[in-house]
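Chain A is fixed; fit chain B onto it per the hints.
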Amino acid sequence: MKKILVYLLTVLTFSAQAAESPEGGKFSPGDMIMHHIGDDYTWHFADGLVLPLPVILYGEKGLDVFSASNFYNAQHEVQPYNGYVMDHGHIYYANQDGTPRTQVNAEGVEEPVGPLDFSITKNVASMFVSVLLLFLVFMTIAGAYKKNRGRAPRGIQSFFEPIILFVRDDIAKTNIGPKYQRFMPYLLTVFFFIWFNNLLGLVPGGANLTGNIAVTLVLALMTLLITVFSGNKSYWGHIFNTPGVPWWLKWGIPIMPLVEVIGIFTKPFSLMVRLFANITAGHIIILSLFSLIFIFESIAIGPLSVAFAVFMNFLELFVALLQAYIFTLLSAMYFGGAVEEHDHHPDLGHGDAPHAVAAAH
Amino acid sequence: MNPLVTPSFGLLFWQVVTFLVVLLLLSKFAWKPIMAALREREENIDAALSMAEKAKLEMQALKADNERLLNEARAERERILKEATEAANHLVESARAKATEEGQRMIEQARVSIVNEKKAALTEVKNLAATLSIDIAEKLIRRELQDEQAQRALVQSYLQETHLS
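If you're matching them up, the sequences are chains A and B in order. The first sequence maps to residues 3 to 363 in the working numbering. The second sequence maps to residues 5 to 169 in the working numbering.
Chain A extracted, bound-state conformation:
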């Protein structure tokens, strides 16, 4: 355990140091941190240990697939390649002089133009790794259940079984109710997808996948779509004809339906931002703590920095699980709201507060 920690810290420190060199001169913590939490066309494990990833472009010249290493010359400087140029982490069409081609958009602002970018970036590659891991782990477990039929779980199966049961019993059953079963595959997948990727993001050299807005956007969108498409009559009834609300707020001035409709979208939006912000913030804090060493240019600050970073790392391990749990729990609650069957009871103007429903049952 100690050895792993020391290794972890040295590698993390090392990669932080590595970020300094391309700038050539003054250390800029902001750039280093943004570089670490952002996406990239190469997987930069450490200086000298760089994995160039495939670039896939579709645009004026049709489909183009080549290695990202083509964008760098022997001195690790960025160069245009094949009519494309990489600028600030994006690929654009190149002019003759190697600068990004620009055009004026509809709002009259000049902006660079580029092809559709399907590249396997660092985040995509990291996602593939996590997916392989997910398949490996859960196919093994599924096999174990077949082999070990009706017996007590063992090995990796006994590690994940309580977690699966937790997702089923404490997240799905309690929040969705009797119809929980059809949501189980999504809830389990999203829980383990987020958790695995959160943990992979904490590994030195790992990508900040769950701290990327595109990833959380897709996950939140899934929850939104599932909620909307599994919404029953009573769910839509509660949105457009909220019980317990004076009629003039519904039909006179349609404030309540408006608020409820906005609510459909703000719920997954909060899911998206929460996961993205929590994971990104954790990465920024750890990297900032390491940056202190280089900002003060003193080895004396090292132990303090490392101590704080160790603490943060443990906190992040917890946050990795917590965020996966929260995302799954809230998704389950939204699904639960969509499939809940409301008894037709007189609500006496108190609305359908949970206690009223509980009392009616």
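Don't read these hints as lab results, they were simulated from the structure. One should not assume that every hint holds.
Here are the in silico distance ranges between beta carbons for each label pair [to be verified]:
1. B:LEU53 - A:PRO248: 48 to 54 Å
2. A:PHE320 - B:ALA65: 24 to 30 Å
3. B:LEU53 - A:PRO164: 17 to 23 Å
4. B:LEU53 - A:GLY157: 22 to 28 Å
Glycine included, C-beta positions come from ideal geometry on N, C-alpha and C.
Okay, now just chain B, sitting in the frame of chain A:
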């Protein structure tokens, strides 16, 4: 816009594709068998538990039955013992009564026979005395007929000889 909050098209595309594939494959090949196995195991455990409960109840019923049988047997034994003691007592009692009665009867018989014997003996003595008296009288009369003196001496001697009991 800040690059952090600008979703990039490529990642969006790959995330949608990958996540859907993962969802589909894991649902089919992992979650379905896992959930089914978990449910089956839970049902088995439930069934086993209710069976154990039933067996316990049966066991209790059996035990109560045994207890009842045992109690019955014990009572039966008690009863039989009591009866036997009573019978024995009765037997002894009746035997004793019979013996006493028999004894009484025999004593009575003996007494009667003693009385009879006594009567017979007395009668015999009386008869003997009478005979003797007659003999003496005969002899006396006979002697008297011969000599007066001799007769008297004879009577005297007879009288001395004869010990009237």
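Handout entry: Hints violated by the structure (numbers, ascending)
Key = 2
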